[in-house]
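Protein sequences, first through last, are from chains A and B.
Per the working numbering, the first sequence runs over residues 105 to 328.
Per the working numbering, the second sequence runs over residues 182 to 416.
Just so you know, the hints here were simulated from the structure itself, not pulled from any lab data.
A couple of the hints might just be wrong.
Stated by the list, open to error - Derived list of chain B stretches under chain A, where covered just means 3 residues or more per stretch with a C-beta under 8 Å from a C-beta of chain A:
| hint | region |
| --- | --- |
| 1 | 348-357 |
| 2 | 368-381 |
As the list claims (entries may be wrong) - A short list of chain A residues far from chain B (calculated; beta carbon distances all over 12 Å):
| hint | residue |
| --- | --- |
| 3 | Ala-177 |
| 4 | Glu-191 |
| 5 | Glu-196 |
| 6 | Pro-212 |
| 7 | Gly-231 |
| 8 | Ala-235 |
| 9 | Glu-312 |
Where a beta carbon is used, it is the ideal one built from N, C-alpha and C, also for glycine.
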Amino acid sequence: MSFPESFADQYDRWSAAMTEDVPFYVSLAQQANGPVVELAVGSGRVAAEVARAIGRTVLGIDSSPAMLEQARALDADLDLRLGDMRELELEEPAALVYCPFRSLLHLPTWQDRRRTFEHVAAALRPGGRFAWNAFAFDHSIAARLDGSRQDKPVPHTLRYAVGDNRIDIVLQNGDISSLWWATKNEWLGLIDVAGLELEALYGGFAREPLTDESREYVFVTRRP
Amino acid sequence: MSHYDSIARIYDPWSVSVTEDVGFYVDLARESGGPVVELGVGTGRIAVPTAAAGVRVIGVDSSRGMLEVCAEAAAAASVSHLLDLRVGDLAKPPVAERVPLVTCPFRAFLHLHTDEERLQALGAARELLEPGGLLVFDVFAPGPDDIAETNGRWLEREPGIFERADWNTERRRLTLSVRGPDGATTMELAWLSPDEWRALIEQSGLGVEAHYGWFDRRPYAGGEDSVWIARRPAG
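Pulled out of the complex, with its shape left as it was, chain A reads as follows (with noise of 0.2 Å):
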């Protein structure tokens, strides 16, 4: 994963103008009839509402210890656990395993995606559903942002490395994360190669149809 712990003090700021993904994964998590797992947990922001919607509990894996703490931080009914979500294995097969904002994203390669997904796939119950959100992958947007400084939420500076798909998110400490874009077809890809089908992909969490102007995918995913 290419999260620098510093990012977890301001991450909070990063993701504050996201809101509307924890009414999309309440309703999923509402229509699963079992365990509900979210990878890359984070502060928690998603799980805890997703838990008290729910009345049970949620099991987060992270694996950066001081985002886990600010989640422990929470009063929320969460399982919290450090771990690879490369290597996810659960006691008990989940109804639902979700990863929201953008966080598969920071896997660097395809082969850590297909791991994943295929550890996903092998942790759901039959019918169980995988669910995610990730940046529509956008070559004219990624040129234009390359070299952009922005202030908001805290100073940094954009990167695109052009023949990667590769969107660095640089720090004026000089810490980096990394974003590693997937296109639509990527995403299919590891669908297919995983053993799940796709359900639905949406353009945003109001379910409304993918198109080109859409910047953000929305997956359901089942497994069979």
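With chain A fixed as given, assemble chain B onto it according to the hints.
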């Protein structure tokens, strides 16, 4: 891809400095025992030495002009009997045989412009392979330095032969123009990230056996060149 017809006569002088892939592909062909299907066989820069090593080659290209040059080169090397040249499309090669090795050298897959075409081409290559057989191809994706060094400038690549690269990073297309004493053309190449190629290979039911960064088989460690070795699973 008929734009190649207009540069068939300057193609070999244009690519004369590219040599390191030849030994690599010839070795693979020899190890496979053949026959080899070479997609985008062109002027036979690789196919003729392969045939000279005693391996039968079925060469597919969409340009008749290039195949004509290839046939002449094969005759000059006395290997015409080992070269079976066919006009056809990368994505729909006119080949019924099943072979232990399919190759697509010199970035020819970058002529495919959509994931649909790429999946079709990779799927077709898979179908040509015997179980356990290999698909080997090379491609590139530019780095910012490559783009900065070459973008929009005519550079004399070989004496009398000029090349110009126009990189469109928003569309991920390279418009490559070449002009020489006996021809000129412009072609559009579409690049992908290495991860996208891996995804397409695995989605096509092939396993990635190796991902090299160059023809000397050094492991890929970033950079513009990728050499992929993919295997059709046995059984």
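Among all the numbered hints in the text so far, which are the ones the structure does not match?
6
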